[in-house]
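Engineer: Now for the letters of each chain:
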Amino acid sequence: MQKLVLGVVFIPLLGAAINGLFCWKTRRKAHWIAVPAIAIPAVLAFMILLRVMKGERFDHVLYWWIALGGLKIPVGFLVDELSAMMMSMVTFIATWIHIYSIGYMDHEDDISYARYFTYLNLFVFFMLILVAANNYLLMFVGWEGVGLCSYLLIGYWYEKISAANAGMKAFITNRIGDFGFTIALFLIYKHLGSLIFHDVFALAHELSVPLATLITLLLFMGATGKSAQIPLYVWLPDAMEGPTPVSSLIHAATMVTAGVYMIARSHALFNVAPFTMEVVAVVGAATAMFAASMALVNNDLKRVLAFSTVSQLGYMFVGVGVGAYAAGIFHLFTHAFFKGLMFLCAGSVMHALHGELDMQKMGGLINKMKITGITFIIGALAIAGVPPLAGFWSKDSILHHAFVSGHKVVWFIGTVTAGMTAFYMFRLIFLTFFGEPRDKHLYEHAHENPPVMTIPLIVLAVGSVLAGLLALAPNGGFEGFINRIMRTAHEMVTHGAEHAGGHESGLALIIISVAVAVMGIFLAYSMYIKRVPDPVTMAQRFRPIYLVLYNRYWVDELYFALFINPTVGISRHVLWKIVDVLIIDGIVNGVAGLCSLIGSVVRRIQTGYIPDYAWLVIIGVVIVCGLKILL
Amino acid sequence: MSAINVPVPNLSAIVPEILTTVLACFLLMFDLFVPKDRKRVVGIVALIGCIFVGAVTAKYINEHIVTFSGMFILDPFSVVLKLLFLLCDVVVILISLRYLEIENVSLGEYYALLIFATVGMMIMASANDLIMVYLGLETMALSVYVLAGFTRMTPKAAEAALKYFLMGVFISGIFLYGIALTYGVVGSTGLPDVSQYITLNGFKNPVLGVAVILIAAGLGLEIAMAPFHFWAPDVYEGAPTSVTAFISVAPKVAAIAALFRIYIEAFNLMAAYWQSILWLVAALTMTIGNVTAVLQNNVKRMLAYSSIAHAGYMLMGILAYNKLGLAALAFYFFAYCLMNIGAFGIVIYLRRQNIVGDNLEDFKGLAQVHPMLALVMVVFLLSLTGIPPTVGFVGKFLLFSAAVEAGFYWLVAIAVLNSVISLYYYFKIAKVMYMENPEVDVPLSAGMGLKVAVFTLGLLTFVLGIYPHPLISLAQRSISSFF
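Going down the list, the sequences are from chains E and A. To convert, note that position 617 of the first sequence is 617 in the numbering used here; the numbers rise steadily by one, no gaps. To convert, note that position 128 of the second sequence is 1128 in the numbering used here; the numbers rise steadily by one, no gaps.
Don't read these hints as lab results, they were simulated from the structure. Mixed in with the good hints, there may be bad ones.
Quick list of in silico lysine-lysine cross-link-like pairs, PhoX-like style, CA-CA up to 20 angstroms [as the list claims (entries may be wrong)]:
(1) Lys1323(A) / Lys160(E)
(2) Lys368(E) / Lys440(E)
(3) Lys440(E) / Lys361(E)
(4) Lys361(E) / Lys530(E)
(5) Lys370(E) / Lys440(E)
(6) Lys190(E) / Lys1431(A)
(7) Lys1431(A) / Lys1364(A)
(8) Lys160(E) / Lys72(E)
(9) Lys3(E) / Lys54(E)
(10) Lys1431(A) / Lys160(E)
(11) Lys72(E) / Lys1323(A)
Computed far set for chain E versus chain A, every beta-carbon distance over 10 angstroms [as the list claims (entries may be wrong)]:
(12) Asp110
(13) Tyr158
(14) Ile183
(15) Val518
All C-beta atoms, glycine included, are put in the ideal place defined by N, C-alpha and C.
Use the sequences and the hints to build the structure in full.
Structural biologist: Have a look at this one:
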């Protein structure tokens, strides 16, 4: 088992190292290193998963990383149902996205082609560290590592200013979330004396409720950064500046779901803090709706998908927030397939149209790109929640849990959002693939992509169809499998038990959500194919709402005014202008202009700048002394 | 009336100091016989000398000797610090060898001054008496003033040196005043005597309280803690880069170590009192350092503010006043030495004809010109920010854990928030290296020594981040005499 785990985690690192150090040797052949470096771990991870299914577990310390007195932090890996599933999912999706990238990145020059695969391998390595770690600090290493790779990959086409800035924005927003995460780690260590999952969860019930609430809220703050929830979601739409396979892997299937994984992993802590759970559920529901509303009017193919990701992540948080951790993880799992798929399809469209992303210029592409079109529709049906595709099972499970656990409002928001999801997804499909081509020139040049790109689409499309059926597997299906690690006997341990209780309401809920989804699809059809009601006149009639949505509620502008400007302002006007420019630069500039060196320095001193320093020192000392004596 | 009885000091306790002094004097004389264009030889001799002294010093790691009438103490903590100073010397000499030739100031006394400064710092590390601290401080400071103005033909350097000197003289007056006040109250300047006095008489005397503040202020100049940091950015920018690398690390560490020993050994009963002051100072120092650094476009200046911020982090180790905190502090000394000198080493690496290498523009497209160098710089930057898996992360984690253990939650929150801010300016450099195209095509021409130093430091920063055990056990051993 240990060999398998080490293989899964470190082979991607090896791949990254080879391509990174010898990029001028591997060049065009970089994928011959990079793809096996993910494919082999995928096979190994599947072997691990099979063993875990038989009931095997693994929690092993590789070596003691930081050991000082009572502070003992290992580099060690934990394999149980949750991490084994995550490892398999991450490596499986990553393998196909790597293969897809071979085709997608073929316009790159040699060195940056190798650079791309280096970053991608490195990302997978950190992601595996994140999910396989057996303590919070090592998890944090992965957590920061994926953030770093995401930064590098978003800014991959750095010639575009917007790309470089988007990378920076993502990194910094994430660090704000990490601030909470870090503080939570220190609090856990201080009060439970360990950061190893096993110890922390065993002792979690000893925490007082307020303290547990504080810790979990801080952890959740980290999750909102990484998983793009309100109020830290702003980076994800901008992150679309990166290459599309990156958006698919990092910003849809894997990294952004890390927050959900972390909360599911920490369920023992969250169970002690009911208030935090409510916060998680409410923030999740609010984000789901908020992001979906912005997706309704956006015309950028990838941005719509990005808002959709934010929205779907909201669903996952609703799941974990109402205590249905397994349902949240199930949605994470199915979402990885269909959202990963849709991003790859969007990439395929972009590739065919030379980077065009504006849906208003597309149309009728289904005639030119059969495979891309059909797989995209499968993905859209899956996310809309049409049975029996993947999204139906997991989304329905989340909504069902929300309903039966008494979160009626959350359930209502979730259901409405499901309708919005179906609408904007099919608006995207109809605008892109159906109707008359609106830009003839683009349409003429469109073509289906080579098999190296379409085969991954087909594989993920099959996954999007079938992944949901795992819910029907024996022993409670997917959720029953994940629930095996849930420590406390929560009210909803197995799916089956509830269904026995509320079968009628369960069926009613299913019918409602399917109906809502079908209505959303139908509305999109009537608006964008039949043109009744015509979207343009709609936009004009409801112009204020349209503008608010189109400008994304001006949240970016608000953040800029609230946080960025004041910080820069303090730095520039107070600290820099007064202290530096006035006092320090005053001297520097003065001196540089004078020919007689000694004379100038002496003169400067006599005009009283050094005494300024001295005065500052004296004032500082006197103030401190005075305060201490008086108080 | 009997003659004053002078006890014979135990000279074996000061063997490292003696050897270092001999080395410095030897270098001065040796310099006379080296022709002007071969001054590099002096540096190499200094290098070998430092390694030799280090090997001898390392043997004392388990000793515990108090001598010179209790004024001088040799304990594991001081030995570890001495080793650190010698390590700094070795690295700084390596990065200086060729740099001085480019700057056209290849003079032998550079190395001698470096070693003389080291003697001063060694004395500070071992001082068990306030006067002894002062003696060490001045020995070090006088050498460093000269070093700061070593490229004396450039106005900036001369100005830096003079400014440093004037501030230094001024602050050393404050420091002496603090010592005098302590002496006035206690009747002695020995650290154990002060502690004993406080045990017997309490610390109600406000004069003692003022003395505690003045002593911190006196050492605060070298630490560059707020509000005594004003000189630092100026001096760091003006001084030759290799000297900046040195003064941003070694004297700072020496002063923090001295402050730590004074507070722990002499004023231990007043812990609550000085903690409340240091709390404020630490928070202020790291915040001012980081926030001001955000706007800098000169890398040397940016690193100057960053080193102010790091001083703030290190003060947390003293503040925590527990075993973990002290070990963390010792650990951080090394971590800081590796990553900070490393970052300055890269600036030197970029020094070419007509290019100082300290402008943000000089880093443009480094990832294309020299991918390895850019990678190493990223390692240093990650480490300075405190992102895993680097030695800076482990160090920060230990420091912050210690502060949490001592109950300084708000300070840790401020510190973590500061780390977030620091990311912004450190990654400005990374962004320029990776996300812009090179502008000038003057090839890089680093000497062998610089190459070895920079890449070794980069490797250590990374490896000790993954496997910090050797450094942790060294840190643990160094504090064995305190708890």
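Engineer: Does each hint hold? Answer for all of them.
Structural biologist: To see whether the hints hold, each was checked on the structure:
no.	hint	verdict
1	Lys1323(A) / Lys160(E)	violated (50 angstroms)
2	Lys368(E) / Lys440(E)	holds (13 angstroms)
3	Lys440(E) / Lys361(E)	holds (9 angstroms)
4	Lys361(E) / Lys530(E)	holds (18 angstroms)
5	Lys370(E) / Lys440(E)	holds (18 angstroms)
6	Lys190(E) / Lys1431(A)	violated (36 angstroms)
7	Lys1431(A) / Lys1364(A)	holds (9 angstroms)
8	Lys160(E) / Lys72(E)	violated (45 angstroms)
9	Lys3(E) / Lys54(E)	holds (18 angstroms)
10	Lys1431(A) / Lys160(E)	holds (13 angstroms)
11	Lys72(E) / Lys1323(A)	holds (14 angstroms)
12	Asp110	holds (13 angstroms)
13	Tyr158	violated (3 angstroms)
14	Ile183	violated (6 angstroms)
15	Val518	holds (46 angstroms)
When the structure is compared with the earlier hints, violations turn up for hints 1, 6, 8, 13 and 14 and for no others.
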